[in-house]
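The working numbering puts the first residue of the sequence shown at 13, with every later residue one more than the last.
Honestly, the hints are just simulated from the structure, not real lab data. None of these values were measured; they are calculated from a predicted model. One or more hints might be untrue.
Pairs of lysine-lysine, DSS-like flavour, derived with a Cα cap of 30 Å [stated by the list, open to error]:
#1 Lys-142 to Lys-14
#2 Lys-14 to Lys-62
#3 Lys-37 to Lys-142
#4 Lys-62 to Lys-37
#5 Lys-37 to Lys-14
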Amino acid sequence: MKVEIQAHVRDTAARLGADVPYALKALAGRLADDPDLGRPSELPGILTVKVDGDMFDNCPDLSVGYLREADRIDIRFLEALPSPETSTAAPDQEQPEPGGGQEQSGGPLAATVTVRQVADAWRRITGWLKHNAPGSYAALRTGAGPAAIAALEEDLGIPIPVELRTL
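With these hints in hand, go ahead and build the complete structure from the sequences.
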């Protein structure tokens with residue numbers, strides 16, 4: 013079975029840790045052998061599988077979402093799961109929200125859907141630009157990384173919305 017990893021997922025993997033891309037490739041190999049490895053998620057047609065970050069040197073625990081089709085698997089999203097140290101902090105300590113501290117009205121599921129929608133929309137836009145406005149496509153620059161976004165949030169004193177963070 014063919015396993016495809018979306019470009020934005022590869023980018024996310026590179027930002028999450030040095031061994032995350034390797035962990036993702038290892039998971040892709042397992043999915044090629046066992047496409048039903050994941051469990052159904054709350055998203056229609058999307059299966060999720062968790063990756064134990066302890067199996068790799070520089071890798072957090074991960075949640076990976078994929079779409080299984082008859083002849084291929086399309087890995088659609090990747091997110092770091094909260095570390096056990098974060099969840100064992102004292103109850104009166106403020107816990108950081110996944111995704112940089114922004115409030116999510118629908119929780120992690122809503123954030124996952126939003127990330128997927130924004131990434132898909134951006135992929136459609138860049139595809140259109142590539143074919144219809146190559147000069148504009150060539151002028152596109154890469155997005156800001158997590159460190160730059162965190163610095164901006166600190167400077168502004170407010171969280172960046174997940175939609176803008178993803179874009």
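How the hints compare with the structure:
1. Lys-142 to Lys-14: 26 Å, holds
2. Lys-14 to Lys-62: 20 Å, holds
3. Lys-37 to Lys-142: 28 Å, holds
4. Lys-62 to Lys-37: Holds, at about 14 Å.
5. Lys-37 to Lys-14: 12 Å, holds
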